[in-house]
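Trainee: Could you put the whole structure together from the sequences, leaning on the hints where they help?
Top line first, the protein sequences correspond to chains A and B.
Numbering-wise, the numbering used here puts 280 at position 280 of the first sequence, and it's gapless, one number per residue.
Numbering-wise, the numbering used here puts 671 at position 227 of the second sequence, and it's gapless, one number per residue.
Since the hints were derived computationally from the structure, they do not count as laboratory data.
Computed cross-link-like contacts, SDA-like style, restricted to lysine to any residue with a CA-CA straight-line distance of at most 20 Å:
id	chain 1	residue 1	chain 2	residue 2
1	B	Lys575	A	Gln426
2	A	Lys131	A	Asp121
3	A	Lys131	B	Val873
4	A	Lys131	A	Tyr117
5	B	Lys667	B	Phe812
6	A	Lys131	B	Glu869
7	B	Lys575	A	Val429
Protein chains: 2
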Amino acid sequence: MTVGAPHRVVVIGGGFGGLFALRVLRRAPVEVTVIDRTNHHLFQPLLYQVATGILSAGEIAPPIRDVVRHQPRTTVVLGAVTAIDLTARTVTAHQGDSAHTLPYDSLIVAAGSETSYFGHDHLSRWAPGMKSIDDALELRGRIFGAFEMAEAESDERRRGEWLTFAVVGGGPTGVEMAGQIVELSQRSLQRNFRNFDPRSTRVVLFDGGTSILPTFGPRLAAKTRRDLERLGIEVHLDTLVTDIDDRGVDVRFGDGSTRRFAARTKIWAAGVKASALGRTLAEQSGADLDRNGRVQVLPDCSLPDHPEVFVVGDLMVLDDLPGVAEVAMQSGAHAARVIVRRQAKGGEGPGQPLRYHDLGSMATIARFKGVAKIGRIEIAGFVGWVAWLVVHLTFLTGFKNRVSALGHWTVSFLGRSRSERTITEQQIVARLAIEAQGDAGRTL
Amino acid sequence: MTVGAPHRVVVIGGGFGGLFALRVLRRAPVEVTVIDRTNHHLFQPLLYQVATGILSAGEIAPPIRDVVRHQPRTTVVLGAVTAIDLTARTVTAHQGDSAHTLPYDSLIVAAGSETSYFGHDHLSRWAPGMKSIDDALELRGRIFGAFEMAEAESDERRRGEWLTFAVVGGGPTGVEMAGQIVELSQRSLQRNFRNFDPRSTRVVLFDGGTSILPTFGPRLAAKTRRDLERLGIEVHLDTLVTDIDDRGVDVRFGDGSTRRFAARTKIWAAGVKASALGRTLAEQSGADLDRNGRVQVLPDCSLPDHPEVFVVGDLMVLDDLPGVAEVAMQSGAHAARVIVRRQAKGGEGPGQPLRYHDLGSMATIARFKGVAKIGRIEIAGFVGWVAWLVVHLTFLTGFKNRVSALGHWTVSFLGRSRSERTITEQQIVARLAIEAQGDAGRTL
Chain A
1 MTVGAPHRVV VIGGGFGGLF ALRVLRRAPV EVTVIDRTNH HLFQPLLYQV ATGILSAGEI
61 APPIRDVVRH QPRTTVVLGA VTAIDLTART VTAHQGDSAH TLPYDSLIVA AGSETSYFGH
121 DHLSRWAPGM KSIDDALELR GRIFGAFEMA EAESDERRRG EWLTFAVVGG GPTGVEMAGQ
181 IVELSQRSLQ RNFRNFDPRS TRVVLFDGGT SILPTFGPRL AAKTRRDLER LGIEVHLDTL
241 VTDIDDRGVD VRFGDGSTRR FAARTKIWAA GVKASALGRT LAEQSGADLD RNGRVQVLPD
301 CSLPDHPEVF VVGDLMVLDD LPGVAEVAMQ SGAHAARVIV RRQAKGGEGP GQPLRYHDLG
361 SMATIARFKG VAKIGRIEIA GFVGWVAWLV VHLTFLTGFK NRVSALGHWT VSFLGRSRSE
421 RTITEQQIVA RLAIEAQGDA GRTL
Chain B
445 MTVGAPHRVV VIGGGFGGLF ALRVLRRAPV EVTVIDRTNH HLFQPLLYQV ATGILSAGEI
505 APPIRDVVRH QPRTTVVLGA VTAIDLTART VTAHQGDSAH TLPYDSLIVA AGSETSYFGH
565 DHLSRWAPGM KSIDDALELR GRIFGAFEMA EAESDERRRG EWLTFAVVGG GPTGVEMAGQ
625 IVELSQRSLQ RNFRNFDPRS TRVVLFDGGT SILPTFGPRL AAKTRRDLER LGIEVHLDTL
685 VTDIDDRGVD VRFGDGSTRR FAARTKIWAA GVKASALGRT LAEQSGADLD RNGRVQVLPD
745 CSLPDHPEVF VVGDLMVLDD LPGVAEVAMQ SGAHAARVIV RRQAKGGEGP GQPLRYHDLG
805 SMATIARFKG VAKIGRIEIA GFVGWVAWLV VHLTFLTGFK NRVSALGHWT VSFLGRSRSE
865 RTITEQQIVA RLAIEAQGDA GRTL
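Mentor: The structure is reproduced here in structure tokens:
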């Protein structure tokens, strides 16, 4: 029952939430604009495989334009959203100095989250997060660069610092990164060095809580911890990271004692905060913000008093749903469905409440070792790994042209291969600058 | 007839020359050290495919350490060679501020060549060369970024500038780059943009000579030129590029007239100069340098009065051999064979002269269009393309783990796919800075 000009839907963010919304809107009689800071969607669950040399960036980051190329009524805008005006119903996106203001009839905010250093942003210099392709390429250069520095170092103690990797955060990303660094040092780098055995690599994992992978429940968490320790990873729980610099990490344990861990390479997988757009939405609509900056929404994912504005995914608070890909996908698709139904039936009344179907959580620790929690079913070990593999392969192959990623995976899981180990000269120069002056910029 | 300490061979450079030398030295009773500025060998003939989004960096740049992992007597040093002392028989390599001096008994200098701007190095800012992974990733970001800028641009004339690509240099690299930019705009970017048709992309190719691909002979050169023009590429021969800035290229034609071409993206494939190590070798040995800085060697590839020092590949002048991969491979292997024979028989006399077997030249213009010159046989069109494909696939599969590159190729040649289109946020920011301030740094 559309009358006059077509209904304009603006989607902020091309992550899981945004992409699933776009998919639902595909055949609806609406004009869609999706805005993202980058040119690509990011298959974030596999970002750690880019950081550790298994997959190439392109294999997990298809251009958003290409994903929606068969949706002629969908326009992609590369830009950073700097303002939302709920009264005027406009979104302002910046590309460098030039601003574009887009009017909307319906808005889906799927702006996601970013790395949080809990107010200590200077730590980002020494411990990059794991949220973007830039992060992953930066870490890839640092990880493989650390082994290069170790080979060139003649002092045993200093070499040990280059061969120590500190991972902060015991969620899936931290656990998977720690596991992959062990895997690559034990298997992929075999016979690559003459001055040390890469199997002497040390990986230390810190977490502030009392358990790793808390969302997987105590049994799987304990099992995973044992698996990590069997791989040689030192797991320190109930541990607060108090500082990070070029040479190491300072921590305070639960008993109040402190200790310094010498480690040249640090990875921050400890926390996320919601996009800053949450605050502007809350201020204008009166919605509540939680302490991570996420916006409390109504059961249909819309803002109070703004049935035309939806907040989905990591930026949304609803029913204690976790900040995982599956929630983003389902809430993004749900918001789009509410819009489509309204278009078909007219009216702006509240939509159906989101009913979340928990498809479970999964993580892989190392080759042939995974954990999965699907409803009440808990799986660990080889079967958990197979479950993880099947689900991720299914998703990946859902993208067109992911054939080569499949090839990479097969080769890399069965063999020792890690073909994406390129360090740019820019990264080498930056690496050497750290050594010389204790100075590190972003180096990718 | 080795006596006492093992014979020490130092190889400078892990390109085709160095790698083929290492292969010959594999089973010889010598200690080998290979020094390179980067961590990877580079399969340079396919660099343009990284720059245009077909292959990932890892697929053409295997780590040198990994290539020689089964050669326990071969050590890889990541560093830049800053000095060679022919009297003391030492090589000095720098890693940042720290220097390492390595003694040698035999030396193979395979340091190759770098992009030459013929004394106008400021042009590198606006027109990156095509010699390294850094170059290719930089150009990839600029090429795909230009289409993003075109989509955001509302002024028709300015959009045209973003959709114009200028390639300087009509050798194989320039021809292949020009062809691939057309291919990607005609096929891969289909339906990706809403504000313009990517088929309106304009590619201009400049060369100072009277023919493109001069080494292929007049018949194939003329045929290739017709093929390029049929693809819509504007070919300007006998044309001198006099300046390049953020917005375009100034040229002077053979008849003395001048013209400016507005083009936001410029690629420099016009010239190479030999590594600066050529000069230090010439000064110390009295060998002649040609105008490109290459070193005249004796028939066995050694320096005059220094039978223990070999110069191979792009850095070598011998019998008018061209600066191509095949010459580097054969001369690198030859130098290593001379060393191995001496080790077996004793003595330091002159080695056998290099006998070069010309296996021909090949280039690919677009899908299903290639040219190949093998001895007196000249092939063009589909058969030329098949010849090119077979040779390059054979080389690529010679690397371990190149399976996925094969997969990428198959998909990309038969379909429209170009999966490696990731632009980093760092590149986007730099791209926008060009637009805003006419300022461009290296952005990868």
